Amino acid sequence: MTSLAGLGGPSLVAALGFSLAALVLCVVGAIRNSDSFTSAGRRAVGMSFGFTALAAVALVTALFAHDFSLEYVAKYSSLSLSGPYTLGAFWGGMEGSLLFWTVLLTGFSTIALERARADNPRLIAWAGAVLAGVSVFFLMLLVLPASPFATLSPVPADGSGLNPLLQSPGMMIHPPLLYTGFVAFSIPFAFAMAALLSKRLDAGWFTSTRRWTLFAWSALSIGIVLGGAWAYTELGWGGYWAWDPVENASFMPWLTATAFLHSVVIQEKRQMLKIWNVSLILMTYALAIFGTFLTRSGILSSIHTFTEGPIGKWFLPFLALMLLGGIGIVLARLNELRSVNRFDSLMSRESAFLANNVLFVAAAFTVLWGTVYPIFAEVTTGVRLSVGPPFFNSVFIPLGLAIIGLTGIGPLISWKRMSKGAFGRIVRVPLAIGVVVITTLFALGVRSVGALIAFGLCAFTSAAIVSEFARGSRVHRTRNTVGPVRALTMTISRNRRRYGGYVVHLGVVLIVIGLAGAAFRTERHALLDEGDSMQVGSYTLTYADRTQTTTDEKQMNVAAIEVSSDSEPIGTLYPQRNFHLAQGQPQSEVAIRTGPVEDLYVVITSFDADGAAALRAFVNPLTWWIWVGAAIMLGGMAILLSSPSPARVSARVRSEFREPAAAAR
Amino acid sequence: MRVGIAAVFISLAVAVPAAAAPQDVANDISQNIMSPFCPGVTLHDCPSDSAVALRDRITEWAEDGLTRAQIMDRLILEYGDTIRAEPPRSGSGLVAWLLPVLAALGAAGITWKLLRRWAHGPETPGGSGPDVHVTPADRRRLDAELDKLRGPA
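Chains as they are written, first to last, in our numbering: chain A, 259 to 923; chain B, 24 to 176.
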């Protein structure tokens with residue numbers, strides 16, 4: 259064992275000790291209202307981070323040093339594994355991913371508590387206690403049932419290597435981003451609980467954690483899209499989302515977090531929905547932990563079985579404690595949480611936001627219910643039933659389409675109230691554009707009802723968003739006499755929260771257009787000898803030849819597939835069927851010809867003894883727009899994250915107005 | 024315009040799909056059954072060799088002229104009811120379908136009632152802030168202060 263790896267286990271024990279100390283110190287600090295205890299608790303959280311980071315460095319060093327005396331290193335890496343994937347092995351297995359989670363948790367906690375000293379010092383004690391409590395749980399897992407530093411004897415000469423499916427660039431980014439998203443939600447959750455425990459129920463808890471919430475949501479969003487991109491380019495079934503329980507585990511907290519991001523705006527603007535907002539952040543964090551439980555417990559069978567482990571029984575009591583504690587404290591503070599203000603009209607942006615919230619939560623419940631139903635059915639009837647994509651598509655798509663419609667309506671309605679006449683006038687043009695799109699597509703031969711509704715709603719919502727940008731730009735052009743580009747830049751930069759949000763909405767609309775394209779997917783398969791051809795959509799695919807090469811890691815079989823469209827050659831694709839030597843596992847590498855209209859997607863499922871290739875080919879219309887939409891969402895998130903923190907703006911306003919007032923006195 | 028929208032949707036509702044090719048029937052079925060070889064994944068999405076073989080068998084059955092229902096019956100006979108990728112829409116499976124619908128309807132109903140009660144309840148005292156009269160001069164001063172606060176664009 260390397261000397262640094264020997265430090266890993268003791269570092270985790272030390273980190274657990276500091277987290278326990280932080281928990282006690284912060285609770286005492288909160289109860290006694292003592293700054294010195296709270297300060298000591300905050301420093302203990304920092305120390306816990308230091309030791310957890312040391313353990314992480316120890317594990318990464320052991321992976322790169324091929325220290326197969328550690329069971330984890332032997333299980334998830336090998337001598338032939340390339341450098342980047344050796345780093346990926348850090349989160350490729352259960353114990354390593356839990357350590358990665360805990361490093362993030364203690365690191366984020368340290369930063370958030372430090373920053374809150376300036377923004378929201380009154381909540382630090384309870385927030386520190388909650389964060390320390392969560393890290394105690396994860397460190398206990400790492401010290402007891404899931405230690406990444408368990409040793410092996412005798413020491414194997416080589417490791418088993420990383421699952422070939424995980425050896426892709428997407429997997430280097432997708433899991434860390436999902437974990438980052440899950441973990442970053444700890445911060446708004448902890449501050450919400452702190453607000454409840456300390457009875458400081460003003461907007462402070464979410465204005466000072468707004469960036470954390472946006473950061474968590476952005477990381478989760480990008481992580482989910484990258485997961486889809488990984489599935490599309492690696493798994494070889496022509497799709498990107500399978501409603502797999504582990505995919506659902508990341509999607510459920512995303513849905514409730516999206517609802518939360520919208521509903522806090524109502525609390526900011528109207529001091530309403532306080533109960534709803536604390537409940538939403540509690541739900542989001544509980545679903546993030548539940549997602550981790552689903553992934554790690556092996557309670558549900560899924561393609562992600564490589565993460566099954568013995569820690570499921572630890573998660574359930576923790577989840578129950580968190581939920582019961584959270585619900586209990588919300589109930590205890592019901593009187594303080596009641597809103598003074600009321601909705602002034604059904605025709606108001608508040609109402610649209612609330613309707614959007616209900617849809618998001620209903621969608622999250624639907625996904626949760628479908629995910630756990632097989633267990634429910636087995637427990638209640640003794641019969642195990644399957645719940646797969648047909649169920650989720652049937653129940654989720656109508657909700658999703660309604661959300662897209664509201665995404666267009668919401669920004670058009672004014673706060674407080676709007677007359678029906680004014681609403682009719684403002685919605686007229688986007689609605690007409692939606693109807694024109696549906697009619698045109700129908701005239702062009704599109705007959706899928708779902709796709710037509712989706713395209714119509716996307717057109718309506720896009721038109722509504724564009725009209726908002728146009729309205730904002732017009733004001734700047736008139737007032738500042740500047741050109742259209744400058745006016746658009748000014749519009750966005752002067753209200754980055756609002757227009758950043760619209761950019762995100764535009765990205766979502768493009769993603770939905772890409773998803774709707776799946777209704778027109780074409781798929782063909784055939785067994786081809788060299789020189790044979792097959793037809794898929796308007797493409798003719800000819801299997802020209804096969805090249806075989808062998809490396810230390812794998813035996814590669816590359817087929818050259820010549821592609822022509824309407825008898826015109828348009829290129830050659832090179833799908834592969836490889837055999838990973840360490841794992842004794844075959845794996846297909848997909849070849850894709852991508853574009854805004856459609857993707858040609860080719861995968862070889864096998865080669866027979868005579869060299870004939872079993873080819874599966876798909877034509878996937880509009881898939882390209884999913885990735886473009888995700889990139890635009892990313893741009894919107896960057897604009898949102900660059901907007902000034904409300905807490906900082908309030909502080910600046912207060913100081914700017916206080917100084918002239920003091921000078922006047 | 025309303026007549027136009029209605030005409031589009033009526034046409035959509037009565038549109039008749041063309042007869043599907045055997046491979047399309049097989050693809051559709053494989054998307055609606057779980058793979059007996061890859062836990063938690065439909066047959067369509069399962070990469071294993073056994074799944075490829077089963078997809079080929081389904082295509083052969085479709086080429087032999089078996090209907091979608093006949094092929095599904097064969098599969099259920101061979102692999103049991105769990106091969107269906109969705110719970111049955113009757114008996115104990117009905118609860119899987121009804122609960123999300125009831126929950127969504129219940130949530131929508133409660134929200135509607137709450138919104139109506141709030142909207143017909145007493146007005147927010149002073150709206151969301153004090154009732155102030157803003158003169159054009161005030162507005163200009165406010166804009167200038169906000170521009171100063173936001174800094175250079």
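Since the hints were made in silico from the structure, they are not lab data.
This one's a predicted model, so the numbers in the text were calculated from it and none came from an experiment.
Errors might be hidden in some of the hints.
Stated by the list, open to error - Sample of chain A residues with no beta-carbon within 10 Å of chain B, all distances over it, derived:
hint: 1; residue: Thr368
hint: 2; residue: Met430
hint: 3; residue: Val641
hint: 4; residue: Val645
hint: 5; residue: Ser652
hint: 6; residue: Gly668
hint: 7; residue: Val724
hint: 8; residue: Met814
hint: 9; residue: Gln841
What the hints assert, rightly or not - Lysine-lysine pairs mimicking DSS-like chemistry, simulated, CA-CA at most 27 Å apart:
hint: 10; chain 1: B; residue 1: Lys136; chain 2: A; residue 2: Lys678
hint: 11; chain 1: A; residue 1: Lys678; chain 2: A; residue 2: Lys457
hint: 12; chain 1: B; residue 1: Lys136; chain 2: A; residue 2: Lys527
hint: 13; chain 1: A; residue 1: Lys527; chain 2: A; residue 2: Lys674
hint: 14; chain 1: A; residue 1: Lys457; chain 2: A; residue 2: Lys527
hint: 15; chain 1: B; residue 1: Lys136; chain 2: A; residue 2: Lys571
For glycine and all other residues, C-beta sits at the position ideal for the given N, C-alpha and C.
When the structure is checked against the list of hints, which entries are broken? Sort them ascending.
3, 4, 5, 11 and 15
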